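Residue numbers (our numbering), protein chains in the order written: chain A, 1 to 233; chain B, 234 to 830.
If you're looking for bench data, these hints aren't it; they were derived computationally from the structure.
Note that the structure is a prediction, hence the values are computed from the model and not measured.
Possibly wrong hints are sitting among the right ones.
As the list claims (entries may be wrong) - Straight-line Cα separation of at most 16 Å, EDC-like style, residue types lysine to aspartate or glutamate; simulated pairs:
1) 478(B) with 186(A)
2) 736(B) with 703(B)
3) 386(B) with 181(A)
4) 360(B) with 504(B)
5) 816(B) with 314(B)
6) 79(A) with 26(A)
7) 79(A) with 140(A)
8) 498(B) with 529(B)
9) 478(B) with 28(A)
10) 386(B) with 186(A)
11) 826(B) with 796(B)
12) 225(A) with 193(A)
13) 736(B) with 699(B)
14) 478(B) with 233(A)
15) 79(A) with 120(A)
16) 816(B) with 777(B)
17) 736(B) with 682(B)
18) 386(B) with 120(A)
If you want the building blocks of each chain, they are given just below.
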Amino acid sequence: MQVMLRIRRFNPEIDARPHDETYTVEADPNDQVLDLLNRVKWYQDGTLAYRRSCGHGICGSDAMRINGVNRLACKVLVKNLGDRITVEPMLGLRVVKDLILDMEPFFAHYRSVLPYLVNEEPAPERERPQSPQERARFDDSTKCILCAACTTSCPSFWADDEYVGPAAIVQAHRFIFDSRDRAAAERLQILSDQTGVWRCRTVFNCTEACPRDIHVTQAIAEVKKAITTGRLD
Amino acid sequence: MPQMHQYEVVIVGAGGAGLMAALYASQGASTAVLSKLYPIRSHTGAAQGGVGAALGSEEEDHPEWHTFDTVKGSDYLGDQDAIEFMCTEAVPIVYELEHMGLPFNRTPDGRIAQRPFGGHTNNQTGKPIRRAAYAADRTGHMILQTLYQQCIKQRVTFFDEFQVLDLLVEDGAARGVVAVALATGELHVFHAKAVVFATGGYGRAWEITSNAHSYTGDGIAIAMRRGVPAEDMEFFQFHPTGIYKMGILITEGVRGEGGVLINDKGERFMERYAPRVKDLASRDVISRAMYLEMSDGRGIAGRRYLHLDVRPETVNRYAEADGRTRPDGAPYRVTGEEILAKLPDIIDFCRTYLGVDPVTQPMPVQPTAHYAMGGIPTDLNGHVLLSQDGAAMAGFFAAGECACVSVHGANRLGTNSLLDILVFGKHSGLQAAAWASHNDYLRLPSEPEGTVLQQLEALRSDRGEERPAELRRRLQEAMSEGVGVFRTEAGMKQALATIVELKDRYSRVRIDDRGRVFNTDLLEAWELGCLLDCAEVTAVSALERTESRGAHARDDFPQRDDERWLKHTFAHFQPGRITLAYKPARITLFQPKVRVY
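In isolation and in its complexed conformation, chain A is listed as follows (with noise of 0.2 Å):
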């Protein structure tokens, strides 16, 4: 089949606003829209900046807007999609070069919710004990590959990127709930600030753009529901 791929490019140096331009390319049907993209920068614009890596939904790289929604490239495919696919760059960070966005301020957010166990007791000679049970409690925010799609899908980001985003929430959820953990009550503090959960209208968006189907919303429920009452239950 022939697929109208329609395309958001900003060059910056040499364009002064984005503009889009429509390729046409041969599909299959099972064919990913990460293999449009290459098949239009390999064989019709070299000129065409995206980033890719895995190929099926597992580094994060290739989150895209796509017919209008937060996806990865890797992991939709064009059957689902039909003849007229259109591709922006997410919304929320800077454009840096067609579909590349600056991903600094992302992982700025990321890094200051303390994304990592803390626990300074000694540790012992074999592993730390967990039952099933303990390890369940947070195993679906273990899956983020921290892909951004639900950080630029969010209403209250767009208006102000001073918010964390869910993003970053979803990580600190995956310790404040790790039976191991000794920072809780420290994430929760900066969760509480202004910038924090509390900006989270549950507007749900951010559940629908994650490839990786972690419940964003309900991991930030976890998380106020946790500020409120003072307990990790």
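Here the structure of chain A is known, so what remains is to put chain B in place on it, guided by the hints.
Just chain B now, with coordinates in the frame of chain A:
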């Protein structure tokens, strides 16, 4: 003029090996990590099934058993002192990862859960053993995340999206690297006392591969161009279970959980090829069996794939036939929910890409180019070797898939790559820092960026007419046909002739992008040059080895030949000329035996 930086230790690559090296090096020396990707995008994150360590969480196990299995898996080519070192270090290092926060699955009594994996056995009974410590089917993702988290905690200095293009060497000593900052196109020179390469493999030289687009052999190619030999490049692993046509990895953990491979006649054909461990034989054995089944017309519907079946009814039927039990002695039986809980990611892949639900339908799979056993030769400390005689290169270290210690020999066991990056990442980091504390900065060459400028100018020239993508496609085709699972002299010669022709055409390559900012057109073309060099050395090394061992299987020399070939290949690379030398495999514990599973 390039921007100049100075760090005692510069680490190139931020996958598991690079991050582990960074955690250790940065405790003793000023350290910078350069990566062409954001660290958490690295290919370690694609590893699924587990990391091997004889923890004995679920049943009796010993590092000695792990050592033997790895030696046998390597088809006796792995250096046994290195293997023993890795398998002994495995136990404390997995606990160390747990202490860093890695969310392993747990046993009912709260210990790290372990699952069976190919080639790992109880050495007394010969039966599969639970040795792979895992976090669902995203163990690599969790290792990568955990190490990156620790690097943030430890405030490691990163240069994200800095692609290294050259290693600075003068008088046989590494003195730094040259990198391009992708966001600006500017060149940066990093002056260092010690350089650690942790740059991964080059599976993108083949058509069907589980490897990331970024897996283009940059580090190996750069090192070779600077006079470092490449060891055992003929040994490239084909993982048995890639998704048909796409190559996306389906973890061996599927078979660890009881899944089986089925041919068009509905037979569990591995019973014929590996009567004892069947679907949990090592990868080279299974990939060959699959090829033979397909060549004999028993691919599904006569096509080039087979079924991997993990439906509960199938798992339970064969578990009963095998008499498989749980650690408590109860018969091994699974439900669809348990399969889903243990293998969520691969189930998601199959649903997304194939519209197949593995809980109710079998998965179409074919062997996929997966892992380079060969690479930059190192000693146990990650110190790079300049020759088969054991001379080390001042200030240069390597770890992970780009390196060859050699712990994997002719065939790597599943779970040992994650172990390799942890153990040798750590030790190369420690040794690089120790090197830095005992040595001064050596003078940089004059105009250190000169070679890089020349390479990039050649790619940017207006004279060319060849599309890099077309050359890459031809390379992948040639490697798949001639240097794949089964090899012949004629096939390899044909592949080599194609590579030589492609290298000539590569000198006339044309790119579209003339800009500086994120010129991925230019860098993909540069990466193609690395792939071509790695592929050429692979084909030349393979052609010369007139035997079958591990992943190197020849129709024209079907037997292993210990008398002549129990030795490592050292390929010395010069433009237009590759010379081969050899080094005996180190045998300390186990004399070579016939390898049966």
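Tell me the hint numbers this structure goes against, listed in increasing order. Those not satisfied are hints 1, 7, 14, 15 and 17.
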